[in-house]
Amino acid sequence: MISEIFSDVVRIILVFILITAALTISTRTLSALVRVYSIQSFLIAILACVLWGMLQEDTLLLIAAITFAVKVILIPSFIGKIQKRINIRRDLEFNYLKPAGSIVVSLGLMLMVYVVFSRVLGNFAVVNPLFFLGAVVGVSLMLMGMLVTFSRKKTITKVMGYLSMENGVLIFGCFATELPLIVEVMILIDLIILVILTTILTVGIDSSLDEYQERLIQYHLWPSEEAKE
Amino acid sequence: MIAGFYLIIGIIAVALIMVLKTHNMKRVVLICQALANLAVSGYLMFFVTIPEATGFFRIDHLSAFEAGLSSVVFFAASLYAGGYVRRLIETGELSPRSLGLFYGGFSILMTVTSVVFFSDNLVLFWILAEITTVVSAMLVASLSARENIDAALKYIFIASTAMLFAFIGLIFLFEMSRGVSAPGTLNWSELMLISGGFDPKIALAAFFFVFIGFSAKSGIVPFHTWLPDAHSKAPSAVSAVLSGVLLNIGMYGIIRVYAIIRQVPGSEAGGLFLMAFGILTVSVGALMMLRQKNLKKLIACSSIENMGLILIGISIWTPLAIFWVMFQTLAHSLTKAELFLSAGIIHRQYKSDNPDEEDQICDAFEMQPFASFCLVAGALAIIGTPLFPVFLPKLFILLETVRFDLLTGVVILIFIAIGSFALLRFIWTVLSSRSELDLIKKPVHYPVGRGMHIALVFLLLTMIYFGISVPGWFYDYLNMIVAELGLGGAL
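So the protein lines, in turn, are chains A and B.
Everything in the first sequence is counted per our numbering, starting at 1 for the first residue and increasing by one.
Everything in the second sequence is counted per our numbering, starting at 230 for the first residue and increasing by one.
Just so you know, these hints were derived from the structure itself, not from any lab.
All C-beta atoms, glycine included, are put in the ideal place defined by N, C-alpha and C.
A few of these clues could be false.
Stated by the list, open to error - Between beta-carbon pairs, the in silico distance windows are:
{"no.": "1", "chain 1": "B", "residue 1": "Arg654", "chain 2": "A", "residue 2": "Gly101", "range": "58 to 68 angstroms"}
{"no.": "2", "chain 1": "A", "residue 1": "Ile73", "chain 2": "B", "residue 2": "Val673", "range": "52 to 62 angstroms"}
{"no.": "3", "chain 1": "A", "residue 1": "Leu62", "chain 2": "B", "residue 2": "Pro280", "range": "31 to 41 angstroms"}
{"no.": "4", "chain 1": "B", "residue 1": "Val257", "chain 2": "A", "residue 2": "Gly101", "range": "48 to 58 angstroms"}
{"no.": "5", "chain 1": "B", "residue 1": "Val699", "chain 2": "A", "residue 2": "Val116", "range": "20 to 30 angstroms"}
{"no.": "6", "chain 1": "A", "residue 1": "Ala100", "chain 2": "B", "residue 2": "Glu376", "range": "27 to 37 angstroms"}
{"no.": "7", "chain 1": "B", "residue 1": "Phe502", "chain 2": "A", "residue 2": "Gln56", "range": "52 to 62 angstroms"}
{"no.": "8", "chain 1": "A", "residue 1": "Val185", "chain 2": "B", "residue 2": "Leu236", "range": "10 to 20 angstroms"}
{"no.": "9", "chain 1": "A", "residue 1": "Leu107", "chain 2": "B", "residue 2": "Ile318", "range": "31 to 41 angstroms"}
{"no.": "10", "chain 1": "B", "residue 1": "Leu422", "chain 2": "A", "residue 2": "Val185", "range": "36 to 46 angstroms"}
Sequences and hints are given; from them, build the entire structure.
This is the structure we're talking about:
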């Protein structure tokens, strides 16, 4: 009985996560995008807690804690700071797809993922219904993140797309329980390196070359004492 | 244990590079690190009882071979880097402030690329491979020109996005392993033992995801779009490493996971899948070569073509094919490094001040006789001229393909011929151009550092050593790799 309630809660959270993914695709202001990302990560942290309640795997609690610290607080505030400094508010330039089109495409993608996975996993899906659900939602979220990465022009929005893809992997990882914690920790390290690096490069790309070094120093991304030499 | 040596050497080297102030000292530290790594790799290949396993690391013949090959390429590249970077600083393209970044990044990349091949755990392999992407992208961006930053970002986004798919594949592998023997594992050595009990459909799905990730890292079509930009915009010492070592990391991942998947009964469809991508890659790579106007881009496109050929070899998955795939990996790495290093000298000699303009090459044999000679030698080598190492593997992979299917073999041969034609035509046009006839203003002579020439001689000699005949020890070594990949006995 209790486990049924839990699995219903899990389903509800997954639906909310999908809604945030749709928001990621359709949002035009950057600060809203960062907020959506942090809400999405928060939902994943809750999801991990609920799954812990179901399965009593302590790794899940740790995942929830790390996700909360890094993805709800650290990364959004970092990106928010950078974004204020380089002064990009809106990302209205889309490469291929306008948001409305993207949502239609992502619905199609989700359907496709569902059909393909239920065929491929076959009996495995029937035995582990939650794993199947996690796989479908996780991979759909990844594909939606990929849409954002490849349909936006500003690098910082591309980073947001990448981050939301990574959330998809994390969701899938939560359902593949017993996956060693080290896995998640390592992904997070990778994520932090990637975010920092791309942000530094973003500062470069949205300015002309001569300004580049100046800007890096100005934003304290580059040691300024060496600059005086 | 051995992996620890690389790590210790790497940490010491990075620390020294950060502490020491002058360019000359940083350069010497880098060369010493490369030399030390070369020594450790030599010790590993010839004196250590393999397989060696400690903690997360496990070394078998394949990983030792790949690590040894990377040490050779890195050694040449770090000999070359000093002179190349000095000129970059003189022309103001590399800020002296970025020196620490460049040498530190290069040193970290050298350490990580050695260790990446030793990880037993596939997730550890994944993360180290990701780190190589991030660090090498940073090196591409170290010349903080706009095109470089563009190329670096494209590289990071395509490679990392694809790598996330690989992670999904790894989770599938883990779930399957849990079904066969709890509590589940992600160590390839254990997966090799239990993969016989996997469900073929899920196994193929897992492989499909893993393949997307690692193929983007190796520049397999359709995930190749970052490769020509990143490889041609990077400083040439970095280009050599990108082409000669980093592409192998992706291929290594594909081989490892494919070896696991091929143990699953009923997974032969994976071969056709790889074959299709291989043919696509060879054809697109060759056709791209036809319309290149830039020397380094042309060489980068040739890497795409060669990766396609290696993938075709893997897809056939017979002992003979894998033997020559390994040989081709070695031959391609050495030759491509040599080509990029000599093209680097030519590029610096004729570089136009306007970034949108292509280099106007003229009187190359007078201005840079040795580099031009090496360029010709490298071009002849990469198209598969006998006495160079690419000849035999190309021939045998083609023969194996013909044995698999005649038409496929012929199609691949045609595309390889197109690629070779494109390369030779370009080199011929460029090197025979005269300043008087073509009315090009002769640039000032570009002084080439001694280390740059030594690096080229070193690579040429190594190429000839492996090209003249297959050394006996190397033959045995490759056979060992083939056997360990689950392909049964030696040739």
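Just pull the numbers of the violated hints for me, sorted ascending. Going through the list in order, the structure violates hints 1, 5, 7, 9 and 10 and respects the others.
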